[in-house]
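**Student:** In case you want the letters, here they are:
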Amino acid sequence: MKPIKVLLAKPGLDGHDQGAKIVVRALMDAGFEVIYTGLRQTPEAVARMSLEEDVDVIALSSMAGSHLHFCTRLKPLLEADGLTDKLWLIGGNLPQQDHAALRELGFKGIFPTGSKLDAIVDYIRINARMA
Amino acid sequence: MNERAKSELKPVVNESGIEVNPLYTEEDLARSGGTTQIGLPGEYPFTRGIHRLMYRKQPWTMRQYAGFGNPAETNQRFKYLIANGQTGLNVAFDLPTQIGLDSDDALAEGEIGRVGMSIDTLRDFEVAFDGIDLNKITVSLTINGAAAILIAMYLAMAEKRGYDLKQLRGTAQNDILKEFIGRGTWVFPVEPSIKLVGDTIEYCAEHAPRYSPVSVCGYHIRESGATPAQEMAYAFCIAKAYAEEVLKRGLSIDEFAGRLSYNFNIFGNIFEQVCKFRAGRGLWAKIMKEEYGAQKPGSMWLRMIAGGGGGGLTFEQPELNIVRGAYYALISALSGAQTMALCSYDEAYTIPTEYSARISLRTMQILIEEMGLTETADPLAGSYYVETMTNQMRDKIAAIMAETDAEGGIVKLVAEGIIQARVSAQAYRMQRDIESGEFPKVGVNRYRNEQEEEHPVEFHPYQEEDARKQIASLARIRTERDQAAVTQALARVRRDAGTGANVMPAIVEAVKTYASVGEITQELVKVYGRYKEPIRF
Chain A
1 MKPIKVLLAK PGLDGHDQGA KIVVRALMDA GFEVIYTGLR QTPEAVARMS
51 LEEDVDVIAL SSMAGSHLHF CTRLKPLLEA DGLTDKLWLI GGNLPQQDHA
101 ALRELGFKGI FPTGSKLDAI VDYIRINARM A
Chain B
132 MNERAKSELK PVVNESGIEV NPLYTEEDLA RSGGTTQIGL PGEYPFTRGI
182 HRLMYRKQPW TMRQYAGFGN PAETNQRFKY LIANGQTGLN VAFDLPTQIG
232 LDSDDALAEG EIGRVGMSID TLRDFEVAFD GIDLNKITVS LTINGAAAIL
282 IAMYLAMAEK RGYDLKQLRG TAQNDILKEF IGRGTWVFPV EPSIKLVGDT
332 IEYCAEHAPR YSPVSVCGYH IRESGATPAQ EMAYAFCIAK AYAEEVLKRG
382 LSIDEFAGRL SYNFNIFGNI FEQVCKFRAG RGLWAKIMKE EYGAQKPGSM
432 WLRMIAGGGG GGLTFEQPEL NIVRGAYYAL ISALSGAQTM ALCSYDEAYT
482 IPTEYSARIS LRTMQILIEE MGLTETADPL AGSYYVETMT NQMRDKIAAI
532 MAETDAEGGI VKLVAEGIIQ ARVSAQAYRM QRDIESGEFP KVGVNRYRNE
582 QEEEHPVEFH PYQEEDARKQ IASLARIRTE RDQAAVTQAL ARVRRDAGTG
632 ANVMPAIVEA VKTYASVGEI TQELVKVYGR YKEPIRF
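So the sequence lines, in the order shown, correspond to chains A and B.
Heads up: the first sequence begins at 1 in this note's numbering, then just goes up one per residue.
Heads up: the second sequence begins at 132 in this note's numbering, then just goes up one per residue.
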């Protein structure tokens, strides 16, 4: 079977990429194929790359507070591209009070600051390609 | 140290890769290079401090990072901090401003005023600094990608308010090379970005000679995963790259080196950090004197803000960050920093509230008022451990600089993403070590709370209304300003960028017409293009 393929994107204008790059390395070490987008991705770019690259997992890393705004815009684009069967994840600086809203938007895996790398890897291994 | 006794112990190696002994004696010090580089405070090589009396004459400047929402709100926070005894301002800008976008740009949506103050035109600077005496309080602008424009705005605002630019002090971060490594607020490709830094240094040397146009940041490189020795080595390599850019324009080193400053991080092992700073001071002085032929002592000074410490703070049990912050501040005070700022305890969650920012400020004030840290310069000098480690850190930093040059130089390594890949690989290993418990963090892999509190900090609310106000204000300015003058000024920016002239005079003229950050950036992009991030793992 082909390895699980993950798109890891940095949404919006946030420049904090230390955490995202750490997660990329953890996912690569776990044997996943990872496409890291680099900084400053628009919702349109994330949807387009997810479709073109035919990924199993769409993951965002957000540290500067615009996660709800971004995910609200991203959701209809992913839906329009028929990517609702993919696993949507988000990690980073995500206040507890926003988790319910993120889940409501379709982000099943939520990994706030303090999450373990192995927890992210295990979650993907179990939940990717399950829909 | 008796080698046999040592061999019974598990070796301890600090983050910079230097083995730490259980005891240091005169012999260790002699073996590491002896006492020749110690000297006296205020004297070459300045290992012990750049001034003779250090804090006895004047304590460090306290400059908490602040700014959010629109300029009027930020103005209120500035006044609050000043009223509470803060002695300098350190301005945070929102992400659109930092990367040269106006508030009405589609890409700015949802980000206006979120992590800093939103600035579109000179009018915003006028509001932000209203009622603040720029001679009494020095202002540091944390701006990089759009630095040339924001420096121009600051100078134009000061001039408009009647300040003599020849006497005006202040700092801009304006260190774009580190933005490519960490922090990420770049706009233009590497080469024109360095050229712009050169333009600001050259312009300030002539027009605002007491203004510090660059603060070279090891800080964010360390946050991205660099060791303390790499932090300082890469920062020095970057500072040299800027210096070379200015020297090739025909300025002498003493015409501008005295206005270069630094920004370093303070988390980690206390002794490793203190020795990093003492070693770095001596090494930088030597580089300036021997490699560049600087004559003025001021050109050899490693002037620095040593602060922050964000990378050492934890999300878990955030109140422990108040304790960590106090130790970090102690490191900075023992290291002879000119300026200090502390990350606040809630910064793993949110931008600091007034309450948490005040705790950081009081932490520094306690050191000054109660703990005796301002009485004697370089109080750790003469310790066998500190002097030996200072010698070893100096050698280590110099060795990393030599390796960097041998690999093709910092500019090439950054442009190709090699430094980024290196420090991010280290950050990954450190994260693994923290998760396995190999690298101790209290509250994280030691002494965890069974149940973390659900809402341990107060969140600073984001006001959508402020963003709307900012966009409306920009729309109003666009209708009120002399559009012909704006168009003409913007054309000059593009023309000067195209000919390779120093673009600062054109940018200063443009900001005075109330041309916006986004409009000026657009003109520069037409000539320079945009940076494309190398993705390398």
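None of these hints come from the bench; they were simulated from the model.
Mixed in with the good hints, there may be bad ones.
Stated by the list, open to error - In silico EDC-like pairs for lysine to aspartate or glutamate, Cα to Cα no more than 20 Å straight-line: (1) A:LYS116 to B:GLU584; (2) B:LYS543 to B:GLU322; (3) B:LYS420 to B:GLU375; (4) A:LYS75 to B:GLU240.
**Student:** Each hint: holds or not?
**Tutor:** Against the structure, the hints come out as follows:
{"no.": "1", "hint": "A:LYS116 to B:GLU584", "verdict": "holds (18 Å)"}
{"no.": "2", "hint": "B:LYS543 to B:GLU322", "verdict": "holds (10 Å)"}
{"no.": "3", "hint": "B:LYS420 to B:GLU375", "verdict": "holds (15 Å)"}
{"no.": "4", "hint": "A:LYS75 to B:GLU240", "verdict": "holds (17 Å)"}
Hint compliance for this structure: no hint is broken.
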